[in-house]
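Novice: Each chain is listed here by its residues.
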Amino acid sequence: DTAVSQTPKYLVTQMGNDKSIKCEQNLGHDTMYWYKQDSKKFLKIMFSYNNKELIINETVPNRFSPKSPDKAHLNLHINSLELGDSAVYFCASSLGTGSQPQHFGDGTRLSIL
Amino acid sequence: QKEVEQDPGPLSVPEGAIVSLNCTYSNSAFQYFMWYRQYSRKGPELLMYTYSSGNKEDGRFTAQVDKSSKYISLFIRDSQPSDSATYLCAMSAGGYNKLIFGAGTRLAVHP
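Those sequence lines, one after another, are chains A and B.
Numbered per this note's numbering, the first sequence finishes at 384, counting up by one with no gaps.
Numbered per this note's numbering, the second sequence finishes at 171, counting up by one with no gaps.
Chain A extracted, bound-state conformation (with noise of 0.2 Å):
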């Protein structure tokens, strides 16, 4: 059983389109992330809920917006794509805040043409 799930794995689509990444977890966690992995492997965060609550928000464009429906599952829905949005990116949870280790998903690689 896989612990954190992303879909899709691969996403190509083309400028100025509006997609969504999904993320589910199966370890009973509160706490869920979104990370940006550039070109060069640098893992960055975007966003954190806890609880469905938003508490992390980095500077990242208001095009990505999540979306914590439950504590199980966390989207990010980017609109009006663009090139500079290529990359990897990588949903993790943990059981809370603190100092609790995040668990990473393998990815959704998105492809801007």
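Read the hints as simulated data drawn from the structure, not as lab findings.
One or more of the hints may lead you astray.
Just a few of them, taken from the derived set where beta-carbon distance is under 8 Å, the chain A residues facing chain B [what the hints assert, rightly or not]:
| hint | residue |
| --- | --- |
| 1 | LYS311 |
| 2 | PHE313 |
| 3 | ILE327 |
| 4 | VAL331 |
| 5 | PHE361 |
| 6 | SER370 |
| 7 | HIS374 |
| 8 | PHE375 |
| 9 | GLY376 |
What follows is a set of in silico ranges between Cβ atoms, one per label pair, in the way DEER data are often shown [stated by the list, open to error]:
| hint | chain 1 | residue 1 | chain 2 | residue 2 | range |
| --- | --- | --- | --- | --- | --- |
| 10 | B | SER72 | A | LYS315 | 26 to 34 Å |
| 11 | A | GLY287 | B | LEU71 | 40 to 48 Å |
| 12 | A | ASN350 | B | ARG120 | 42 to 50 Å |
| 13 | B | GLY76 | A | ASN328 | 40 to 48 Å |
| 14 | A | ALA274 | B | SER142 | 19 to 27 Å |
| 15 | A | LYS338 | B | GLU65 | 31 to 39 Å |
| 16 | A | ASP289 | B | GLY69 | 33 to 41 Å |
Every residue, glycine too, gets a C-beta built ideally from N, C-alpha and C.
Put chain B on the given structure of chain A with help from the hints.
Specialist: Relative to the frame of chain A, chain B by itself:
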């Protein structure tokens, strides 16, 4: 200057070698230190987790934290070809658990 500095490598070693991977950081508020391993086309996998200064050992892996020097290390003993991956250091000050990652070091262990 980045908050966390990590040499991206690549680092190439023969099988059986001892590997040393390092990160330095500038934020003295960091208290929680992690090492993740990332295979190609996979997500980061937590290897080691330490709090504050000191050493932690798990099998062939040893993590060291020196908060006075703002320096953390991961040692891999008896390295195996299956250890070939990118190793990412990460750290957090606690609170909302915002992880700050290093750039990752690419390691290749050849038979």
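Novice: The structure should be examined with respect to each hint, and the outcome stated for every one.
Specialist: Against the structure, the hints come out as follows:
At a threshold of 8 Å, the smallest CB-CB gap from A/LYS311 to chain B is about 7 Å, leaving the interface hint in force. At its closest, the beta carbon of A/PHE313 sits 5 Å from a beta carbon of chain B; the interface hint therefore holds under the 8 Å criterion. Taking 8 Å as the C-beta cut-off, the interface hint given for A/ILE327 holds, the closest approach to chain B being about 5 Å. Annotation: A/VAL331 was flagged as interfacial toward chain B, and the flag is violated, the nearest CB pair being 13 Å apart, outside 8 Å.
Satisfaction of the interface hint for A/PHE361 is found here, the shortest Cβ-Cβ separation to chain B being roughly 6 Å, below the 8 Å cut-off. The closest approach between the C-beta of A/SER370 and any C-beta of chain B is roughly 5 Å, which is under the 8 Å cut-off, so the hint is satisfied. Because the beta carbon of A/HIS374 sits about 7 Å from the nearest beta carbon in chain B, less than 8 Å, this interface hint is met. Checking A/PHE375 against chain B: minimum C-beta separation of about 4 Å stays under 8 Å; hint holds.
At about 5 Å, the closest approach between the beta carbon of A/GLY376 and any beta carbon in chain B falls short of 8 Å, and the interface hint on this residue holds. Checking the proposed 26 to 34 Å range against B/SER72 and A/LYS315 shows it holds: the Cβ atoms sit about 27 Å from each other. Separated by about 41 Å at the C-beta atoms, A/GLY287 and B/LEU71 satisfy the suggested range of 40 to 48 Å. Range check, A/ASN350 to B/ARG120: about 46 Å between beta-carbon atoms, so the 42 to 50 Å window is met.
Distance hint check: the CB atoms of B/GLY76 and A/ASN328 are about 47 Å apart, consistent with the given range 40 to 48 Å. Checked against the hint of 19 to 27 Å, the C-beta distance between A/ALA274 and B/SER142 comes to roughly 21 Å, which is consistent with it. Checked against the given bound of 31 to 39 Å, the beta carbons of A/LYS338 and B/GLU65, roughly 35 Å apart, stay inside it. Between A/ASP289 and B/GLY69 the Cβ separation comes to about 38 Å, which falls inside the hinted range of 33 to 41 Å.
When each numbered hint is compared with the structure, a violation occurs for hint 4 only.
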